[in-house]
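Given these sequences and hints, build the entire structure.
There are 4 protein chains.
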Amino acid sequence: MSANGKLNVAILGASGYTGAELLRLLVGHPGIHVAALTADRRAGEPIGAVFPHLATLDLPDLVAIEAVEWEEIEAVFCCLPHGTTQETIAGLPEHIKIVDLSADFRLKDPALYEQVYGGVHRAVELQKSAVYGLTEIRRDEIRRARLVANPGCYTTAAELPLVPLLEADLIDRGDIVIDAKSGVSGAGRAAKESSLHTEVSEGIHAYGIASHRHTPEIEQELSAAAGEPIVVSFTPHLMPMNRGILATTYVRLKAGAGAEDLRAAMARRYEGEPFVKLVSQGHAPSTHHVRGSNLCLIGVFADRLPGRAIVISALDNLVKGASGQALQNMNVMAGFDETAGLGAAPMFP
Amino acid sequence: MSANGKLNVAILGASGYTGAELLRLLVGHPGIHVAALTADRRAGEPIGAVFPHLATLDLPDLVAIEAVEWEEIEAVFCCLPHGTTQETIAGLPEHIKIVDLSADFRLKDPALYEQVYGGVHRAVELQKSAVYGLTEIRRDEIRRARLVANPGCYTTAAELPLVPLLEADLIDRGDIVIDAKSGVSGAGRAAKESSLHTEVSEGIHAYGIASHRHTPEIEQELSAAAGEPIVVSFTPHLMPMNRGILATTYVRLKAGAGAEDLRAAMARRYEGEPFVKLVSQGHAPSTHHVRGSNLCLIGVFADRLPGRAIVISALDNLVKGASGQALQNMNVMAGFDETAGLGAAPMFP
Amino acid sequence: MSANGKLNVAILGASGYTGAELLRLLVGHPGIHVAALTADRRAGEPIGAVFPHLATLDLPDLVAIEAVEWEEIEAVFCCLPHGTTQETIAGLPEHIKIVDLSADFRLKDPALYEQVYGGVHRAVELQKSAVYGLTEIRRDEIRRARLVANPGCYTTAAELPLVPLLEADLIDRGDIVIDAKSGVSGAGRAAKESSLHTEVSEGIHAYGIASHRHTPEIEQELSAAAGEPIVVSFTPHLMPMNRGILATTYVRLKAGAGAEDLRAAMARRYEGEPFVKLVSQGHAPSTHHVRGSNLCLIGVFADRLPGRAIVISALDNLVKGASGQALQNMNVMAGFDETAGLGAAPMFP
Amino acid sequence: MSANGKLNVAILGASGYTGAELLRLLVGHPGIHVAALTADRRAGEPIGAVFPHLATLDLPDLVAIEAVEWEEIEAVFCCLPHGTTQETIAGLPEHIKIVDLSADFRLKDPALYEQVYGGVHRAVELQKSAVYGLTEIRRDEIRRARLVANPGCYTTAAELPLVPLLEADLIDRGDIVIDAKSGVSGAGRAAKESSLHTEVSEGIHAYGIASHRHTPEIEQELSAAAGEPIVVSFTPHLMPMNRGILATTYVRLKAGAGAEDLRAAMARRYEGEPFVKLVSQGHAPSTHHVRGSNLCLIGVFADRLPGRAIVISALDNLVKGASGQALQNMNVMAGFDETAGLGAAPMFP
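Chains as they are written, first to last, in this note's numbering: chain A, 17 to 365; chain B, 17 to 365; chain C, 17 to 365; chain D, 17 to 365.
Just so you know, these hints were derived from the structure itself, not from any lab.
Misleading hints may appear alongside valid ones.
[Unchecked claim] If you anchor each label on the Cβ, the simulated ranges turn out as follows: (1) VAL136/A - LYS208/D: 32 to 38 Å; (2) GLN297/D - SER145/B: 46 to 52 Å; (3) PRO245/C - ASP188/D: 40 to 46 Å.
Just so you know, even glycine gets a beta-carbon here, dropped at the ideal spot from N, CA and C.
See below:
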C-alpha cells in the first residue's frame, strides 16, 4: 500500500487511448494511486503533452519502463501492443497483480495463438495461469488470479449476450451469426491511413470478414460456456464514430424455445449485476446510451423468420470493452467494491 | 417535347431531399427540362429559399400542385410522402409518364398494403399497372410502363445481391438474414427528435426490428425471383452519417455451392450493367465509394461457418436508393441513354 | 435537509439536454439528493423513457410542475425555456434557492430584456435581486444569492478570457471581435430542421450575425468589468459536433502592453481556480480537451498584426456553459465544496 | 491533341486527395483525356487500388514519373508535395502547360519563399514566369501562362472577398482579421495522428496561429490588389468535417463607407462570374451549400461595432480551393469553356 493507504498501480503504455481512458476512470477511484506511467517514446514528458485533456490532473510524468521502481508497485495495467506484452509481463516481480489489456494472454491454446498472431508465444507457462477476464462470467477465478487477460472489445460485446443462452441451452450452437459495428477508437492512436477522419467519417464498411482475430477468442469462451467446440460467423464493421460497439446477433432457437425464454435466461444470469442490463422489452440498445460508462445494454427480439431471435448488445469499446472492464477486474482482484471508479453515468449527447 | 426538344418534367414534392437530389442529377441531363416544381407549403418561393445549394441553378419557382399546367408536362417524378401519393397520381392526365418515389405503388397485394401502411389503398386499379422499378431486374417491363413504383432504399440494397442467387438457386430460401445500416437522410427532412444531430452522431442503434415496412417489399420481389414465397430476417440500423446504405447479408448455401459460385452468378447477371459492380475478390464494398453516384457495389465472401456465405452491398440511399434509380427508370421509360445524368463519379472523401 | 442529510433539489424541465446533464453530474455529488423532476408533457414517465442513458439510475419519475411538494424542496435548478421561466420562479416559496439556466434573469435592464426577448419582463422585482452567475467573477455575490441567473454558454466562453483583460486595462475597449464556434447541443432537443444531422454534419455556417441574443449579455458583464459601456462584435457559428464552444477573440492592445501581459493578467486572475486554466504557452485550447468536464481552457497569442493579440477559450457548452456552472453555483450557494460533482476528467476521444 | 481530338493531360501525384478530385471532375470534361497518372510508390497499380471509388472509371494505371512519355502529354496537373515540385516541373518539356497545385511557385519573392518553406528555391527563373492562379482576378495572365501556381485553399477563401474591397478602397488596410475554418481533407491523405478520426471529430481548435504558411501568400495577393504592402491577421481552425472552408473576415470601413458599399463593390467585381456568387442579403453562406462544387459563396454584413463589417466566404477546399480551380485555370489556358467539367451542382446533404 502507498503512504496514503491506497493501492499503488503502474500503467504500462500510457500514451494510447486505453491508457488515457484508465486515467480518466481512476480520477474517481477512492482506493487506487497512480504511481507510475510508462511510454517509452515519450519518456520524460508530462502526460499533458501526450493527452492535453489530462493536463490538469496531478499525475506522474511518463517514464521508460526500465525506470519503474517495481518494489513500490502493487498492481499493473498493461496497455502495451499485442505481441510485445508477453516478455514484459513475464519479467514483472511476483508480488505484482496484473490486468493485461493486450491479446497476448487471451487464447489458452498456444498453437491457436501462434496461428492467429503469427508468432510463437514467449510466456507459455504464464499463459496457463492467466484468467480470461470477462468479469460477470469468471468473477471467482478473477478474484484469485494474479494475471487477468482482459477481453477484447468485440469479444465482450459478443459474449455477454450469448453465454447465458448457451449455458441454458436455448440456441442452436452451429448457427450463430454476429454482425458487429465498432467506433474507430478500437483501432488505437496509431497514425494509419485507414483511421483518418477523411477515410472514416460519412461511411461504413466491413473488414476482417471471416478472419478477424477476435473470432477465435469469441469461440474459445463460447465453447467453454457450451461445453463443446463452437464456431461462429463474426463480421466487424468500421463505423464513423469514435466510441461504441453494437453487436447484432442472429440465433436459431432450440425447439420449444422463444425469444421470451432468451430474455428470461438473460435476466436470471445478470440479476443484480451493476453493469450488464436488459433494456425494456421492445426497446433497442444504442451505443449512445452507454458512452463513457461501463454498461453493457442488451435487448432480445423475436425474429420475423420463425424459430429465430435477434439479440443486440451495446457497450463503449474503451470502457466495458477495455479500460473499464480492466478496472472492474482490478477491483475484484484487489478486493475493492467492484464498481469503484466506474459509477459515472453515460454521457449523452 | 418542350420548345428546346427536351422532355418536360415536373417534380412533385420538390422540397424534400429526394426532390433536391433529382434536381442535382438533372443539371447534367442532356434531354430533360425541369418545367415545374411543386411544394404546397413553400409555393411562391424560389428553390434557393428551400435549398440554398441549388440557388445558382436556373429553375422554376415552387408552385402548389394545383398550379401545374399539366398539358405541358410529359413526365413526373413524384416525391410526395407515403399515403398522400395515390390520389395525386390517380388524378394525373393519361399522357404523363410517372416515376413514383413513395411506397404507395410498390406492394402488389392491396391487403398487404393495408396491413403494412394502415389504410385502404385508394388507387387499386392503377396499382395493378404499376411496375416495380428495380431497373436491372425489370428493365423490359419498365420500358413499357406508364407508372413505375421506385423501390425503397433498403429494398434496392437487399435485392440486387440476392435476386441472382435466388434465380440461380444457390442459397437456402428460408435462411436469409439481412443486417442493413443506413445514413440518416433516409428519414427525410422532417423535423424529428430522432433525426437531430445530437441524437444521431457518435452512436448506432437498430430500429424497426422484425417489423420494418421495407420487409414485405423485399419479400415480394425476392419471392418473384425465387418463384415461391420467401420470408426474410431484416434488421435496419441508423448510422451517424448522412448518405449510404450497407447491407450485410448472411446466407446458407445449397449443397455443393460455394462462395465462388455466388460470385460467378452475380458476375453473369450483372455483366455489362453500368451501375451494379462486383468489387475485386477479397475487397469489401464501402459506402464511401459510392457516395453521390448511382453505383451499387457488391462483394461476396465465404463465411467461417461451413456452408455459409456473406454478401455485402453498398449504395447511396439518395441516388441508387431513390432519385438516381428514379432517373434511371425515367431514362428507360423515355428512351434516353440509361446513364444520362448519372455519369458522375462518386465523391470521396 | 432530506432524511439522509442531503440537500433536496428539484430539476424543473428535466426532459431537455441541460436537465439530463445535471442528472449526469449529480450522480457523483455527495451532498445533493434529487427529490423531484418535472416535465409537463412527459409527466408520469420514468426518466429512462425520455433519456435511456439515465435508465439505470435511481431517480424519481417525471411529474408536472404542479405536483411538486415544495416544502420538501430546498433548492431548484430551473431548466425551462426562455420566457416561461419568470412566472414559475416568481411563484416558488421563499425558502428555495434557485439556479436558473434560462436567459430570463440575466439582463439587469428590463428595457433591454424587452428589446432582446420581445416581451415585458414579468418578474421585475425578482430580477433586481438575481445575481449573474459567472462563478469565478461573482463568487461572493453568488454565495449570498437566493436566485442566480446562470450565464449563457457563449457568454461564459467570451467573458472568462476578457474580464481579466478589461479589469487590468490592457486592451482597447472599442475593438473586441469575438468569433465563436458552437456544437449543436446548444440549440437544445427541440425538433427543428436546422438541427437535423443532415443539415448540421459536414458543414459550418455563421448565424445571428450582429444580432445574437447573447451579445447584450456579454456586453453587460464586460461593461461591468470595464467600468464603462462596451459594445462588441460577436459572431457565432454552428459546428458539426454535439458539444463544445471555442471562442477566438481578437483584441487590440493598449500602448505598451504585449501578449505576455495579457497572459500574466489571466494567470493572476485565475490563480488557484479549479476550472479555469491557462494552457501551456504556444499551445491552442481545443474543445476536445474539455468535453464532459467543467473546465474552461484559455490560450493567449501575439497576433501577426502589430499591437494585437488573440485569446482563445474552450469549454463544454453543456457543462461550464450550462449545467456544470449551474452546479458550481449551487455548490457555492449551499456551502458545498465548489468542485463537488464536478471532478470528472474530460472524455477523449 | 490526342487521337480523339482531346487534350492529353497527365496528373503527377495522383494518389492524393487533390489528384482523386481532379479525376472526379475530369470524368465530366468533354475535351480532356487523362493520358497518364503518376504515383511513385504505387506505380504499377490501377487507380482503383488506391481510390476504390474510382475503380469503375476507364483510366490508365499508375506509373512512376520517369515512365511518362512526355511527347504525348500536352498539359500537366502537378499534385506533388510542397518542396519536391520545383525540380520536377523545371524538368518538364517546354511544350507542356502546367497547373501546379503545390505551394512551390506561389510566392514571387524567393527570399520570402525560403523563409516560409525553409529551403532555397531551386527553380527561381521558372518562378518568375509563374502566374498566381486566382482565376477571377488574373484571368488574362492565366490565359497567356505556361505555368500557373494554383492558390492555396485558405488563400482563395480569403482573397475572393477581400480583393474587390481593396481595389475599391473601401476598407482599412491595416485592420483585416481573417478567422478561417477548414475541413480536414486540407491536411491531405498522409497518415498523421492529428488527422485521425478520433482526434478530429467532435471538436475544434485553432492551429498555426499567427504563423500559418498561407498568410504570406494572402498578403502577397492582397498587397497587389491594394497597391501597397498589407499585413493581415489570419487564424485557421481545424473542423470536424472532411470538406469545406468558411472564412469569416472582420474589416474596418473607410470613412463614409457602409456594408452596402462593400456588397455593391463585390457585386460589380463578380458580375457574370460563374463560380463566385453573392448570397441573398441577410443570408449567411454555408459550406454545406458548396460541397463538391467549384462555387465560392460570399455574404456581407454590417457589424454591431460601428464602422465595421463582416464578410463571409464559403468554398469546398478540394474544389474551388484546389482541384476545381486548377481545372478552371487549365480551361482558361487551353481555351476550353471555363466551366467545362465544373458544372455539377453542390451535393447536399
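Are any of the numbered hints broken by this structure? If so, which, sorted upward? 3
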